[in-house]
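Enquirer: The primary structure of each chain is shown beneath.
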Amino acid sequence: MPLETIVHHKTQRLEILNPEGFADPALEPRVPKDIFLEIYRKMVELRAFDERAIKLQRQGRLGTYPSVFGQEASQFIPAFCLKPSDWMIPTYRGSGAYYARGMKFRHSLLIWAGDDRGTVFPEGNRDMTFSITVGGHLTLAAGLAWAAKLEKKNAVVLAYLGDGASSKGDLHEALTFAGMMSLPVIFLIENNQWAISVSRQRQCAAETLAQKAHGYGVFGLQVDGNDALAIFSAMEEAIRRGREGRGASILELETYRMAHHTTADDSSRYRPKNDLDYWAKRDPLLRLKRYLESLKLLDEAQNQEFLKNAEALVDEEIKAYEAFAEPNPLDMFANNYAEAPRALIEQRAELKALLERKMRLGEIVEVPPLEGRFP
Amino acid sequence: MTTTAVKSRELNLVGAVNEALRQEMEKDERVIVLGEDVGKNGGVFRATEGLFERFGQERVVDTPLAELGIIGSAMGLAIAGFRPVCEIQFDGFTPSIFDSMVSHLGRMRNRTRGRYSLPLVIRSPHGGLIHAPEHHSESPEAYFCHTPGIKVVCPSTPEDAKGLLIAAIRDPDPVVFFEPKALYRAARGPVSDQSYTIEIGKARVRREGTDLTMISWGAMVGTCLKAAERLAQNGTSVEVLDLRTLTPLDLESVLKSVSKTGRALIAHEAPNSGSWAAEISALIAERALTHLKAPVKRVGGWDIRMPLFRLERYYIPDIDRLLMASEEVLSF
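Protein chains in written order, with the numbering used here: chain V, 33 to 407; chain D, 7 to 338.
A hint or two may mislead.
[What the hints assert, rightly or not] Subject to a maximum C-alpha distance of 25 angstroms in a straight line, what follows is the list of computed DSS-like cross-link-like pairs (lysine-lysine):
| no. | chain 1 | residue 1 | chain 2 | residue 2 |
| --- | --- | --- | --- | --- |
| 1 | V | 74 | V | 305 |
| 2 | D | 46 | D | 13 |
| 3 | V | 340 | V | 136 |
| 4 | V | 328 | V | 313 |
| 5 | D | 266 | D | 232 |
| 6 | D | 262 | D | 232 |
| 7 | D | 266 | D | 299 |
| 8 | D | 232 | V | 390 |
| 9 | D | 13 | D | 33 |
| 10 | V | 321 | V | 65 |
| 11 | V | 384 | D | 232 |
| 12 | V | 305 | D | 46 |
| 13 | D | 46 | V | 390 |
| 14 | D | 303 | V | 384 |
| 15 | V | 328 | V | 74 |
Think of the hints as simulated: they come from the structure by calculation, not from any bench.
Quick caveat: nothing in here was measured; it's all calculated off a predicted structure.
Assemble the whole structure, with the sequences as input and the hints as a guide.
Expert: Below you can see the structure in the form of structure tokens.
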């Protein structure tokens, strides 16, 4: 008996804007176009923030920082498409996702300054903290989606991950649950081609990461991750599926990490420089700007105004960030349990005695006020 | 026949690790280095720098980002006769390998009635105080020490790092090798340019004393030595014991020192409850109680997660905390 093909799979790629900023009229999202002007303005602010964060780190005013340069569209737009009642879980390279949800840059800076007070989500949102260990949030995202399904309020869950994290076993288990239970969760893979020094090709033998969807019975799509319109459209589709009870999605957003992995990395050791030239021509801001100019929604004067305002905004945020006093060491004991166990009460008292000793010895001048709740 | 003169030069700890890997790879072609970014990039701390160029991509392997995959495939390589040396990029990434470690790694020899063994090494940076982000400053040694069938090593000098790593690679059983990241560049010392081993399971007296024994490992040994110096100014004589190997524990050296001084303080970076210090404390109480002049004191991290780095120096015991604890122990 001849071999029989029992399942046909196809993996599609969505691209709407070409590098010159010309949109395919058949695929252009049918929404008021000024929404893209708003997205562009925010992406300009995000880039201004990112550039300054790197400078702050170089000046010793910030800890290790993971840049989102080149990924402004794949960072900002997916979270921008959500409602506050939807769940959002970013990765550590998540300044843009948080910004889309209304987190202030001052708080992003605090986190990368090693200060737990940076974990502040805007009220009313359902946002999650990110993790530096990758992939561990994916099964958790399936659980949030399970809860959303039980709540019957049509909420969806957006979980970001990178091409590196797509190799973790966690994604397999998360997709197994999400597919089997038809959960309203979007696994958004920001494929920026590099997991520190390991290229996308060395991460997985499959031609695309989007095609992983076929193995789990979920929807999969590869998207040009530097194309604001394509990301917007793909997110609309994935969200619609989630809200209508049609289950989970994998969106693979193909983009490029234009900066080093973090400020602690030197990418010249392992990747070719001409990659950068190729991707610079596909810059997500430049493409969206050309599109908006073609619609006469943006001109150079307005663009300059955006840039100037972005710098002013970032200045203000840096000022606010640097105005935070040192945290009180005793605050690390806050929020560990709902009720403080005896061991923590004792250990907190021990740290207090240590601080008093240091003040007596003149090693520290004063202890800042307490902010956290204990127990 | 010519003889090579043995030369000793100054190396830092990461340089000593690098040299150990290179010399063992030259000596034994079964040795394979694998992990995230260990190849072209030479490791995020440069521990594997130059190995990719020297030994090629079949022996120095940039793996996909999957810690369980690294350890699991290393177990297969080891059973089939290779000597894999895995790098788990940060201590905070080791929880991903727990399934393999607990369910397979530690028990393979026993559950196959000695038929298969796992001569592999898991290297990982250890501890805090380098201002790193979350999950980059952990001290997870107790989980590993608690697991039967594996050995756990944590050196504090370049000389020990090289000799112990070579011994770990040659060891017939799995060895978890923690490298104190605060010492990677800060610890410098003489290291022989020849290949040599330091026996796994032997502690070393780093400072002799008669009034109090400080027992420690990794970067905390340096803090103990500084505290001992301060206490000496007041006439207190402190012995500092660097365990170097956590399992199998050199109990003989611990008991010998504590029996001499009558006082024991165990210092480390991990959350104190259920820590490896707790096991050492219990052993001292069981075996040397009659020699003790004071209760055994453990000084560790607090029983909370490692805070982000602005507060890490208040989490990891510093000289002041060791002095406070010493005063308490000496008051008996």
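Enquirer: Return the numbers of the hints above that this structure violates; sort them in rising order.
Expert: Numbers 1, 2, 13, in rising order.
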